[in-house]
Structure formats: structure tokens, C-alpha cells
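Add chain B to chain A, keeping to what the hints say.
Keeping their order, the protein sequence lines are chains A and B. Taking my numbering, the leading residue of the first sequence gets 587, the next gets one more, and so forth. Taking my numbering, the leading residue of the second sequence gets -4, the next gets one more, and so forth.
Hints are supplied without guarantee of correctness; some may be wrong.
[To be verified] The list that follows gives simulated cross-link-like pairs (lysine-lysine, DSS-like), each with its CA atoms no further than 25 Å apart:
hint	chain 1	residue 1	chain 2	residue 2
1	A	Lys828	A	Lys631
2	B	Lys193	B	Lys113
3	B	Lys38	B	Lys77
4	A	Lys710	B	Lys62
5	B	Lys62	B	Lys77
6	A	Lys828	B	Lys5
Calculated directly from the structure, the hints in this document are not laboratory data. These numbers were taken from a predicted model, which means no experiment stands behind them.
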Amino acid sequence: MKTKNFDLIVDQYLDRSVEWVDETFSVHLSIVSGLVNSIVEALNKLLLMPPFYITMILFGVLAWKTSGPFMAFFTFIGLLFCYVMNLWDATIGTLSLVLVSTSLALLIAIPLGILSALVDSISKVTRPLMDFLQTMPPYVHLIPALILLGYNRSAAVFTVSIAAFPPALRLTDLGIRQVPVEQVEAGRAFGATPGQILLKIQLFSAFSTIMTGINQCLMIALSMSVIAGMIGGGGLGKEVYKALSSLQIDKSIDTGLAIVLLAIILDRISQGSPNIFKKN
Amino acid sequence: MNSNYFSIGKHVERLVFWLNTNASGFFDFISDLLSVSVVYLEKALNYPSAIWIILFASAICWRISGKGLALFTVFGFSFCLKMGLWEQTMLTTALVSLSALLALLIAIPLGIFTAKNKIIGQIIRPALDLMQTMPAWVYLVPAVMLFGLGRSPAIIATVIFATPPAIRLTDLGIRQVPVEQVEAGRAFGASQIHILFKIELPSALPTIMAGVNQCIMFALAMVVVAGLIGAEGLGGEVVGGLTRMMLGTGIRAGLSIVILAIIFDRITQSTIDLFSKEPKDLATSE
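Isolated chain A, as found in the complex:
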């Protein structure tokens, strides 16, 4: 009986503090959520504006540039498949959600990764934090997002970014730490400033590890974006969730296939993206 009372009291306090957060920060939060929402919406509209075959061809060209003609063909056919299965809008919805949240995650992860590689006291804070975030089962992220931002796309972006940024941070940190000391010292011997050493030596040499981090970030973002369909992320996640709650096997399997295709396409394009820079 006692334990029952105790958890009810805790519930009351939690509810009250959630209300307090809502009331005090509602203006700030609604600005943030409106901003993020409109960015996702704008990207979504931009991708849906041209007829579907033009978007497909554009992605095909991107895949050709990054990983060759076979991947270009696969991308085109894969996206055509999504269109034929009547899931084109949902696919683009997921794509724009993933792109916005990955960029947000990278905006946080890469600078923080650089900092934690250069300053040991920061890495002492970030490492256990990353451990904690990566041990956390994926659905738990949904609760704070729902509390702070409500049932909409910005909550989805928030959850997806939180889940996606740890690997990017870790791999940026790792990449910079793996830069040979000799290279840095050579730079210093030639009188390079710390900024120059960072940009021209360390980041340059860590480039492929950071790209792996970006790839990982993108993949986790895609898998989280499906889960975020539960709290208003839209796109394919919403379709699967709808299919699950109405027990439509055909719809859920089609959507699952579309997600797999999108995952393969995004994976190969991001893995091959260093090729673009190499040619230049």
C-alpha cells in the first residue's frame, strides 16, 4: 500500500513539473518547434514539387556520382518501387525528416567531437553521456520529446537527432585522436596556428573516419524515424504504425520494403560520398 502511495506522489510531482516546464517555456518551445516544423515541411515540399521521375533521376545521378552506375540503376528502380507501391509521399516525408534531423545531429556532434578530442576534460563528460545515450532503448527518447514539443514533426526531429548524434560524435573524436602526432608536430614546426592545424591537418586526416560517423548517424536516424512515426513524425513510420494498429499485413510489408530500399540507397550514397570530393 505504501509503495502505491509513493509512486502516485511521484506521478503528481512529475506531472506538475511537466506542466511547469510547459507553462514557463511554452513560448520558447513553440518557437523552436515551429521553426523545425517549417524547415521539415519546406524540405518536404521542395522534394515533392518536381514530378516524381525528376526526383528519381536526380537521386540516380547522385548515386552515379558517389558509387557508380549499378547503384544509380538500383536507386532509380528502388525509388520507382516506392512510387509504384503508392508510398511516394511517405518516402519523401521520411527522407526529409531524416535529412533535417541528421544535419541537426551533425551540427551538434562534429563540433563537440572535435572539442572532446582536443580537450580531455570535455571527453570525460561526453564519454559516459554517450554510453548512457547508447544504452538507452530507442523508445524511451519519445517521452521527453512528447512532453517538450508535443505530437508533431519537431518532436520527431528531436528524438531522431538525440538517437543519431552519439555515433557521429564518437567517430569524430576517434578520427581526430588517430591523427599521427608527427603530422601535427610537422604542422606546428612550420608555424601553423591551432586553427590551421585543425582544419588542414587533423580534420583532413580524420576525414574518412568522420564520414563513417556521418554514415552511421544517417542509418540510425532512418531507423529512429520509423519509431518517431508514433509521435507524429509522419512519413513511412506513420504508415507502418497505422498498418500495425489496423493489422494490415500487406500495407506494413510494403512500407517495410520501402524503408529497406531507402536504407540501402542512403547507405551507399553516404558511403560513396567521399568519391565526389576526391575527384575535385
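Here is chain B on its own, set in the frame of chain A:
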């Protein structure tokens, strides 16, 4: 109405319906078997009072990992108890351990098989990719159709989700065994089975344990999904909190899942360290 777009799912749906009408006895049998074993496991975990379980769990943590984790276990489990979520925590523990066990029973032999046989490996690897990329919600629907609502479809979906990493890491571990060791065994006239059990498996043990760790973590990630289809436990509380906007409940249950995940993760990671230290200790003692 359905014919105006192309759909692979429609054909899978037909297959599932066919299985449902023609093999329902078989699926019912498996469903009953799974739910009964979960019920007994849950009863066994709930039989002693919570304090004994907490003490026992923290003793195990102390033995395997050290004081830090033991303390964390005491505080974490007391948190679950005080939050009025003890039964749910135990049910989730039962669900996770049963599904991880089933997944490992499938994954480790299969991993050994794929490491030994290249053709099977080449067939299985893309299938594993597909299983891991496909969102778990997708195979939840056929699982519910075939096994009904409740705990058994949740276990089935969890097993499907948690098997691939364990297969991959077992496969990797066995293929990483140095060729010299296997050849030394062969030179001494060891049979295939001897080589497998006495050379390859012990040498691959740390990697296989990493697979076990991944398997358990993936199973824990499915806890909330399981809650979606009525498996109760902590996942059910989180889903309830999310859908009924009872955020307090959601937060409490979410924190308990995180606590459970941290405990499981650290225990299995410490066993990896134990196993990778063991050969060295043997070498120095002999």
C-alpha cells in the same frame, strides 16, 4: 480497390492467411508453450520478496563486475520497487531473458554453420541485412495474426530482431580463429568436433559474448514494441503513458527500462572481459 498499385505485401498477406487457416494448431501450440514458460519464469521471479531478488542480483553483479555495478543494481532495483513497478520489471526481465535465450539457441549454431560453410553464409548474410533493416513493427503484424495478442508474438518478434547480431558475431568470432591453431589441432589428430569445441569455440568466446551482449540489448530495445501488442511489463507502461498522455507513468517506466538496460549491458560486458582474460591467466598459471 487494391489493384491500382503494385504490392508485394498482398502476396505475403495471402501466405499468412493460408498459414493461419491451415497450420493454426501448430502456431497455437508454440504460442501456448511460450506464454506458459513466460508465466512460470515470471512467477519464479516474483515468488521471493523483492529484497531477496535485489540482494541476489547485486551479489551476481559484484561477483562479475565489481562494487560499482552492485551498488547501482541495489539503487536501480530499489527505484523500480519504490515506483510500484516491481512486477512489471520482473515480467520484462522474464520476457527479455527468455527471448534472448531462444535467440541465442538459434543464433550460435547458425553462426557456427555459416562460418564453416561459405555458401550458406552467402545466402544468410543478405537475409540478416533484411531482418535488421526491416523495422520491427513490420513483422509484428504477421506475428500477431499467427500467434494472437499478448506475450508470445512479442517473444517471436523479439527473437527475430535479436538473432542477427548474435549470428554475425558468432560467425565473425569463429572465422577470426587463427588458422595455425586449427592446423595444430588437426596435426595432433583432433576430430572436427574436437577442433570445434576445444579450439575454435574457446578462442572465439569473447566475440561470441559480444554477440550475447548485442542480442540482449536488441531484445531490450524491443520491450516497448512488445508493449504495443499487449505484452504488458515496462513496455506496456511506456505505451500506456505515451498513448494516454499519463506522462508520469511513462517517465517512471522509461527510467526503469534504462536501469534494466544498463544492468544487463554492464553484466554482459564484464563477462566479455572475464572470458578474454581467462586464457592469459591459464597460460601464466601453468
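Here's how the hints hold up against the structure:
| no. | hint | in the structure |
| --- | --- | --- |
| 1 | A/Lys828 x A/Lys631 | holds (23 Å) |
| 2 | B/Lys193 x B/Lys113 | holds (22 Å) |
| 3 | B/Lys38 x B/Lys77 | holds (20 Å) |
| 4 | A/Lys710 x B/Lys62 | holds (21 Å) |
| 5 | B/Lys62 x B/Lys77 | holds (22 Å) |
| 6 | A/Lys828 x B/Lys5 | holds (16 Å) |
When held up to the earlier numbered hints, the structure conflicts with none and fits them all.
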